[in-house]
Amino acid sequence: MKRILFVQSRAPYGTLSGQEGLDALLMGSAFVECALLFLGDGIYQLLSNQDAAALGLKDYSVSFGALKDYGVQNLYCSESDLQHRVLETDDLVIPVTALDDAAIRELMASHDVILSF
Amino acid sequence: MAAKILHTFNKSPISPVLDSCLRFTGEDDALVLLEDGVYTATAAWGVKLDELIDAGVPVYVIKIDVDARGLANRLIEDVQVIEYDGFVDLCANYEVVKSWF
Amino acid sequence: MKFAILVYGPPYTYQAAHSALHFARAVTESGHQIYRIFFYHDGVYNANALIAPPQDETDIHAQWTTLAQEHDVELIVCIASSLRRGILDETEADRYEKSAGNIGKPFEISGLGQLIDASINADRVVTFGV
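Chains as they are written, first to last, in this note's numbering: chain A, 1045 to 1161; chain B, -5 to 95; chain C, 17 to 146.
Just so you know, these hints were derived from the structure itself, not from any lab.
Incorrect hints may have been included.
SDA-like cross-link-like pairs, simulated, lysine to any residue; straight-line CA separation at most 20 Å [as the list claims (entries may be wrong)]:
no.	chain 1	residue 1	chain 2	residue 2
1	C	K18	A	D1145
2	C	K18	B	G80
3	B	K42	A	S1124
4	B	K(-2)	A	L1126
5	B	K57	C	H34
6	A	K1046	B	V91
7	A	K1102	C	R100
8	B	K(-2)	A	S1124
9	B	K57	B	V75
10	C	K18	B	L16
From a predicted model like this one, the values you see are computed outputs, not experimental measurements.
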């Protein structure tokens, strides 16, 4: 069976990209093994203490907590992108594994399809 | 088993996404520049591609994007100009396509 | 080889949809097949049958339609993306009590499952993003 890697590269709210990417991941996880990788500004989607109520936009960061229930266990981010943004994995709403660049390249190469958002 | 990846990039070379794209392009991979991505293969930005090109990674630009932007005689050496049929062939020849945008 | 093409870009704002169309044509001319074209995010605007560009510009809606008819290509519009952007077929227009739908054949509204199905069953997935 194929394995799909979802890549989230955009910060939340400025675009709807992340929210629609998460929707696709939740659908995908019902059928195949999926992994999720946060690159660049994508990691801002996981920052804790988000409160989007005043924006009139959906705060979907809480939905990431549901990934476990959907069986999505492979969650990754870039160590150097975290450092670049002065963040640590403790600042995030769910546990993710920080990888170096070589490991991220491996991750990409070990999947059959890469869907980017 | 590690797949060979065809990377595509369609934004201005000033985009931070280019840096991500270049960081994760391995030596068995290839890169296709399309839309505004073709500016990357000009004198001002070409240095960003040096490392890939030195490692033997093929870099391609889409002809109609190059021509539309007046870049036909401004491309750096070592990039290959392709038409869309060539782009399709590359997608078929590499195992996974990663689009950077 | 079967290709799935994923389109995120709206027409006339970004080049992505126009590039996707060039790519799709090249696939059909190369002897490969298109498994499905899936419109997501702002890509759903490509399905808007009310698009009326000036005469000296290409009508991308008409070009997608021609491609689909000549090569029997599925054009699937994601329902979650399209409803929130006001891209509705007659069925959805009735369901949500809107005055009219604005998309029709060969574009079809369907769910995200069609994206996952395409990812599983196509040999390659190529995304045209913005």
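*Tell me, in ascending order, the numbers of any earlier hints that this structure violates.*
1, 4, 8, 10
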